[in-house]
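Here is what each chain is made of, one letter per residue.
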Amino acid sequence: MRLQDIYINGAGSISIQEPLSKNGIFHPVVYNQPLVRCIEPNYKDYFEPNVSRRLSKIIKRAIVSAKQAIAESGIESPDAIITGTGLGCIEDTEKFLEAMILNQEKFLQPTFFIQSTHNTISSQIAINIGCKGYNNTFIHRGVSFDNALMDALLLFKKGEIHSALVTGNDEMTPKYFSLLGRIGYWKPEVENTLEILKQNASTGSFAGEGSVSLMFSDTKSESAYAKLQGFDLFYKPTIPVETKIRDFLSECEIEISDIDLCMTGMNGDVENDAVYSKALENLFTADSIGYYKQICGEYYTASSFGILATAYCLQQGKVPSHMILSGNSKSNVKHILFYNHFQNKDHSLALLLLC
Amino acid sequence: MAFDVFITGMGIVSSIGIGVDETMNSLRQKKTGIGTLKHLNTIHELPCAEVDLTESQMKQMLGIKEDGVVVRTALLAMLATREAIAQAKLPLDGTYKVAFIHGTTVGGMEKSELYYFDYLENNTRNEYIEAHDCGSCTEKIADYFGGFSYVSTPSTACSSAANAFILGSNLIEAGVVDIAIVGGSECITKFHLNGFKTLMILDGEPCRPFDQTRAGLNLGEGAGFLVLESRKVMTERKVKPLCKFSGYGNACDAFHQTASSPDGQGAYLAMSAAIKMSGLQPVDIDYINAHGTGTPNNDESESQAIIRVFGDNPPSVSSTKSYTGHTTSASGGVEAVISIIAMQQNFIPSNLNFIQQMENISFKPVVDVIENVELRHILSNSFGFGGNNTSLVFSKI
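Chains as they are written, first to last, in our numbering: chain X, 1 to 355; chain B, 1 to 397.
Hints were generated in silico from the structure; no laboratory data involved. Computed from a predicted model, the values in this text were never measured in an experiment. Just so it is clear, CB atoms sit at the ideal spot from N, CA and C, and this is done for glycine as well. Some clues are possibly wrong.
Think about it this way: if two alpha-carbon atoms lie no more than 25 Å apart in a straight line, the pair counts; the simulated BS3-like pairs of lysine-lysine are [unchecked claim]: (1) B:K97 <-> X:K158; (2) B:K232 <-> X:K158; (3) X:K236 <-> B:K65; (4) X:K158 <-> X:K60; (5) B:K244 <-> B:K38; (6) B:K244 <-> X:K345.
Computed from the model, here is a short list of chain X residues facing chain B with C-beta under 7 Å [what the hints assert, rightly or not]: (7) D5; (8) N42; (9) K44; (10) Y46; (11) F47; (12) M100; (13) L102; (14) N103; (15) I127; (16) N136; (17) H140; (18) N147; (19) L154; (20) I183; (21) G184.
A few chain X residues that don't get close to chain B, going by computed Cβ distances all over 10 Å [unchecked claim]: (22) E18; (23) I114; (24) N119; (25) L197; (26) Q199; (27) S221; (28) D346.
Can you build the whole structure from these sequences, using the hints too?
Okay, structure coming up:
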């Protein structure tokens with residue numbers, strides 16, 4: 001879908017990198033374990049102690065990162081708040097579920113249930129900033145954020161909104177990590193997260209988590225990161241993804257030779273990475289294939305971090321060597337194609353430009 | 001904004017019937033689906049509106065093998081979707097780009113609450129681990145039919161299915177897809193039955209929406225799906241529309257996670273926006289299928305919002321949750337189908353169990369089925385936890 005003048009004017013994140021900062025993209029903290037949790041900011045700076053106690057960690061992360069994105073954009077309150085999350089507030093869901101099972105449905109408290117529904121995140125952001133505009137939540141596996149973004153872009157296209165806060169939020173509890181591990185999501189051992197692609201002979205990756213908020217607007221702000229020129233989301237394509245990419249770029253009126261980099265969700269999982277390699281083999285060389293999950297870890301809404309990292313690279317005009325397959329850094333970067341897939345079923349494409 | 005989206009098929013499963021015909025008969029005969037729990041294994045004795053089918057029975061109806069890994073929510077959805085596809089004579093052979101948009105919140109929770117400790121401790125239930133998340137539930141349903149080029153899972157608690165209409169119609173208007181099946185499904189789980197119980201919003205008696213003595217809601221389960229398409233595709237396919245989907249409103253109450261604001265600000269904004277997008281005035285609405293859960297808080301807040309939009313004498317209002325129970329994430333789909341049945345058959349469903357008018361509220365709900373009435377425009381409300389409020393308008397052609 002070709003878009004007219006959509007800009008990323010603000011970005012906030014709490015991730016396994018330095019919180020509320022973009023430093024981690026170019027200078028990432030490196031880990032050596034398969035489960036990495038977020039580095040938290042000091043929430044005392046943002047919430048009164050009594051409020052802080054009531055809110056779960058994922059809600060606090062979501063609110064604080066949203067506020068950073070909104071502040072950067074210079075807009076007071078967005079016209080829409082749309083959240084993507086793969087698992088929602090899974091920590092509180094687990095707490096309520098366990099208590100219910102162990103106590104045979106007796107002596108339950110409402111707090112964990114109240115915060116267990118997936119849409120708690122979007123509505124708590126709205127309550128916190130007093131935003132009564134459009135509010136929605138999408139849960140769709142590895143394209144949850146991508147689904148939220150599509151919803152926002154359709155509203156822009158209709159002229160229904162002029163700004164949207166689109167967020168990707170997931171937390172990885174040790175328990176959910178362990179049960180996803182049973183079905184092959186993770187590598188048993190990780191030596192160096194930054195070099196996770198070196199372990200690409202086996203399945204699985206390393207788990208991360210994060211809250212990323214991006215402010216999209218149809219007006220460019222002075223501090224804008226990038227322009228979004230096109231976006232596509234599709235399920236089980238009946239034609240090769242390579243053809244889908246060619247069609248997408250031609251709809252966006254840009255030549256493949258003009259694309260400086262294709263940013264992918266490669267994560268060291270042999271099956272996951274092969275899907276990218278196959279789709280891109282006739283389009284791009286190792287010098288122009290990028291990746292970002294070595295910085296944020298694998299989780300359902302990792303693509304939100306990927307869009308943030310891509311937009312930041314465009315704003316800075318360069319892509320560091322640790323984000324490029326060939327290991328050669330790139331400067332003077334103007335056009336980046338973002339490609340995300342989940343289990344080779346759900347796919348998304350985004351064209352981001354320097355602005 | 002001009003809005004040109006039509007409904008060409010629909011399907012429904014709830015405690016008052018499997019399919020459109022059974023549902024219509026129950027509504028006309030004032031036959032409620034609220035009763036004692038049979039299928040859910042819980043310690044609580046609370047009136048609920050279960051679909052009286054076991055998973056095995058549903059699998060049989062759908063031609064799915066007994067050991068097939070399909071959660072109850074997905075089975076309900078498949079039955080309703082199948083009916084909608086048949087009515088719309090929808091080809092899923094690649095001729096058209098078709099989206100499947102499924103609002104749900106519980107996803108595979110009904111299995112997770114049985115097998116959770118197996119997930120953690122052993123490998124016996126691994127096939128259900130990935131079935132937990134709502135997105136996988138959606139894909140299971142989509143793959144049962146095949147041929148979808150776009151799938152999505154909106155999840156805003158009790159307004160999930162209503163929000164599916166928004167995405168579906170916008171995808172069609174933008175030309176991303178030609179056709180969209182939209183709706184929602186949800187089975188009753190111990191998880192949300194107990195959750196609602198801790199919030200003390202479950203009535204031990206059959207629910208009494210918009211009644212002074214109302215004391216809470218009854219949980220229900222079910223699925224409602226509808227086929228949306230553009231005028232161009234509908235004309236090309238030579239299918240007859242059931243009605244027009246005229247517009248929507250989505251607003252956030254931004255007041256409290258589980259309570260609505262006393263003046264119903266979010267509900268007011270959603271209803272007003274939906275009427276405006278439809279190019280209508282409040283006076284054009286002939287019937288409001290209310291959210292009307294039967295909780296003291298919702299019905300007060302929704303009533304105040306209705307009065308703010310429509311004045312002291314609003315159009316006919318009823319809550320069909322007194323028949324189906326609160327089908328939570330599915331309610332927007334279930335109640336859209338009920339609204340369109342009413343429009344086609346020229347009757348207004350009643351609001352059961354009403355005795356005493358609410359204090360400070362100027363109107364009463366419809367207490368008896370009204371027959372032979374033309375319904376040109378119907379407003380359907382779905383309000384979720386966190387103030388996720390959505391209103392939809394359906395119009396006669």
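query = Honestly, which of those hints from before does the structure not fit?
reply = Structure breaks hints 4, 5, 6, 7, 8, 9, 10, 11, 13, 14, 21, 23, 24, 28.
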